[in-house]
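Q: Protein chains in written order, with the numbering used here: chain R, 1 to 427; chain A, 1 to 352; chain C, 1 to 118.
Hints in this document: simulated from the structure, not taken from any laboratory. All C-beta atoms, glycine included, are put in the ideal place defined by N, C-alpha and C. Be aware that a few hints might be false.
Chain R regions said to be covered by chain C (calculated; three or more residues, Cβ under 8 Å) [stated by the list, open to error]: (1) 129-141; (2) 204-213; (3) 351-361.
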Amino acid sequence: MNLELGYIKIKDIKFADKAEVKNGVLSVSKKDLEKIILEDENFTAVDFDIAKPGESVRITPVKDVIEPRCKVSGGGDIFPGVVSKVHTVGTGRTHVLSGMAVVTTGAIVGFQEGIIDMSGVGADYTPFSKTLNLCINFTPKKGLHTHTYEESLRKAGLKVAYHLGKLGKDVKPDEIKSYEYLPMMQSAKKYPNLPRVGYVQMLQSQGLLHDTYVYGVDMKQSLTTMISPLEIFDGAILSGNCVSACDKNTTYHHQNNPVIEDLFEQHGKTINFCAMIITNENVFLADKIRSSDWTAKIVSHLDLDGVIISQEGFGNPDTDLIMNCKKVEGVGVKTVIITDEYAGREGTSQSLADADPAADAVVTGGNANQVITLPKLDKVIGTLDYTDKIAGGFKGSLNKKDGTITVEIQAITGATNELGFNKLSAR
Amino acid sequence: MSATKKLRVVHYINQFYAGIGGEEKADHKPEIREGVVGPGVALKAVFGNDAEITHTVICGDGYFNENLETAKKELISMIKGANPDLFVAGPAFNAGRYGVACGTICDLVQKELGIATVSGMYRENPGVDMYKKDVYIIETNNSAVDMKNAAPKMAKLGLKLARKEEIGASIEEGYLPGMSRINFFDYARGSKRAVDMLLKKLAGQPFVTEYPMPDFDRVEPGKPIKDMKKATIALVTSGGIVPKGNPDHIESSSASKYGEYDIKGVNDLTEKTHETAHGGYDPLYANQDSDRVLPVDVLRDLEKEGKIGKLHNLFYTTTGNGTSIKNSREFAAEFAQKLVAAKVDAVILTST
Amino acid sequence: MKFILTNNPLVKTKLGNSIKIEFCDVSLHQILLLTRDYIHKGYKLLSHPLSGSIKPNETLYKSIMLDANIEKLDMQSLSIIENSIMLAKNFADRDIKIMQQHKDDMMTVDLSIISGRL
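Throw the hints in and build the complete structure from the sequences for me.
A: Shown next, in the form of C-alpha cells:
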C-alpha cells in the first residue's frame, strides 16, 4: 500500500460568500457551515471565529481540534465509519489543508477543559498556537443529555472539517510526501538487513468523554488489533476524548501522528517500519490483562525487533502502559514507551501510577502539574467561566485584578501529549 | 546584574586533594584554611568576580567516616564561622568515602545552616545514591582529569542556588537526576526522541531514559518456618521504640545508630518503661503503649499459648525517619549476624 | 461476590438492581482508602481505582468494582491501589465550591465508566 499526502499550505482564513481555497487563502462560507451544523436538531445556534498565531486570543474550553483533509484518489473517504461510509482507507492520494485547524468549543460538562493561547507564554505549550484556527462555538438545545451532546459536537466538528477539506480536492499541493507500507513478507524481502519495528498505540477507551473510535467502532469494545499507519492519515481513528486536555489526543493529533511520521522518516534507512497495533485502555483489570496479552502475542507473532508504545491519558492507562511494556519485553522485543508525568507541583513525587524495571527506555512529555501563569489576553473565544473548575485550575486561578490565569499546564490543550507531539520534556 | 555583591564561598576537600597525603593520612582531622587550596584553584578561575572562595575546609576521609558525629560537629562549626553564601564540596569523582562525606556535609549545611550547596561526583559514586534526592550533585567523569568540565558547571549551578534563581532541569544544568522533575524544551519532539532511543536500544548502544523508574530494592523472601511452635521469633522495628529516656540517644531522624535492648521477663511495654524516639509521627499513642509499635504483649501471649516457641530476649530498634538507606543496610547487616548467632528463626519487622 | 464501592449516589440508583452496591458518603480519597482496606482483607480489584482522566482533585465521585472471597492477599491489587493513592496525593486541594450541575455531570461520567462491564 502506498499513500501520497499533498499538503496545501493555508496562509490565511477569511469569511466570504463563496467557499474556496485560492492562493493559500481559505475562504469560509458561514452560511454553508451553519446549514451543515444545524442539520442536527440538537443545536439551536452556532458562531464562528478565526484565531491566528500571535494574536492576543485565548480559546477555551476546547472540545476537539481537527485538520481538514480530502480523498483525491484511492478507496474510501475521510473519517470512515463516522462521516463517510465504512471502507478501508490509506491508499492513493489525500490532500491536506495544512497550517490550519477546526477547533470546536463548548461546555459539554461543567468542567470542560482545554486552553489554547495564540500568544504569550501559554502559546509555547500548545501546538495549536501555530495553526490558523477556525473556531466553532455551538449552542445546544436545552436539556440535552450529556452523551447526546458529546456525540453531536464530535460529529459536527468532523463534518465541518470534511466539508472544508473537499475545497482542497482540485488544488495543487505545495508539497507532496509519499509513504510506503508493504505487506509483511514483501517488506521483509525488501529490507532483509533492517530491524523490524512496530508501533503500539494505546487508545483512550474508558467511557463517556473518554472514548476513541476506529472506523466508527468504540475502541473499548475491541480486542487489540492491527491497522495500517496510512489509514490513520485518512482519519480512521477519531477522538471522542474530552478530558485531560494536556495529554488527550485530539483528532488532529491522530491525523498527524508524530510517531508514525518519525518512524516513516527512518523507514528503509535504519529500520523497517512494518507493523502498527492499536490497543485500548479499559478500566477493568481483566480487559487490561487480555489486551496487553494480545499486544505481546501480535508483536511476537510478527517477529518484531522493537516497538514504540504510546499512551493516552492519566492514571488508569499507566497500568496498561506498564503491562504492555513488560509483556512485550517479556517476549524478547525491545520497547521505548512514551508517557507524561504527574509528579506534583514541586516535581518531587512519583510520576506514574505504575512502574516496572522492564520500562528502562521512557520518553516523557513533561510534568503536567507544573504551574504556569498565563497573561491576560485581549479576546476570549468561548468562556473563562470554568477557569478555576478545570483540571489544573484552583480557587483564585483567574486573577480578577490583572486578568492573568495561574494554572497547572494540564489545563493547556496538548501540552504534555503522549504521542510525543512536542519538544516539552522533564528531567 | 552589574551590582551583585561578590558571594562568599567555602570549599570542602579531603586530605588527598589538599596535598596532605593518601590513605596513610586519611585520619587527618578537620581544619580550616583561608583562601584556596588544591582544586579550589579551578573553581576560583570560573567564579571570577561573582564569588570568592574565602575558606577551604579539609578533612580526612577515614576520619570523617569513622568519627561521623564528631566530624560533623567540627565541620559545621568551622563552616558556620566562615559565614558563606555558598558551600561547595568536592568534586569527589569516583572516590567513594569522599563522595559520601561531600553528600553528608552538603545535606547538613543545607539543613542546619540554610546555606546553598553543590557537589560533584561520578554517577556510580555511592554518595550519589545516598544524596541525589537532597543535594545538587554535578555529574562528573570518574577521574580528576574531568575537573575542567566539572568546575564551570558546579560554579554556575552554585551561583544560581546561592542567588535563589530558577534552577533548570538536570540535563540542562548538568546535575544528576534525583531532585525534582523540571520541565524544559528538548532538542526534538518526543516521537523523534523515542525513535532515536529505540535505534540505540536496538543497536545495543547506551541510551539514557528520560524517566528512570523508581528504585526497586527487592529482597527474596526467606523460606517458610516449618514449625512455628518451635520457632524463636525476634522483634525489630524502625518505629523508634526505646527504653524510657532513650539511653543511647538514638536520633529522632536520620539515625546514625540502632539500639539493642533486653526484654527478658518483660510481658508488656508501658508508659513507664518504654517510649518512641521517632520524630516523624505523632508519638502520643506509641508513648502511651509502645506495644502498639513493638508488639511484645501479643508475642508473650502467643508464647504462653504455645503458638510460637519463644520470643527472643533482645529486640533491635532505630528510627526510620529520614535515615539513609546506607545506614539502614549497615545496621541490618550487623544485627542480622547477631540474630543468626542467637539461632533466631524469624523476625517480625514493624514500621510506622 | 462482585460489588461496587462508591460515593456516587447515581451509581446506587442506576445500578442497584444489577449489582451489589456498597455506598459510602465519603470523599474520593476515602473511597481509595476503603478500597485498600478491602484489599488488605483479601478482596481483589476488578476496576482501576484511577479510572477516568478526570483528576482526583477535580471530580468528587469514584466507583470501584471489587471481588470478594479470595483466599490470600492479591499483590497486584495491593500494588495498584497503593500506587493510585500515592499518585492521587500529587494533586493539590483546589479549595473550590462545585455547583450541583457540575456534580451531576461528574456522577454521570463516573457512572458511565463503571457501567462499561454491566
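Q: All hints, please: hold or fail.
A: Status of the hints after comparison with the structure:
no., hint, result
1, 129-141, "violated (count 0)"
2, 204-213, "holds (count 6)"
3, 351-361, "holds (count 4)"
Checked against the numbered hints above, the structure violates only hint 1.
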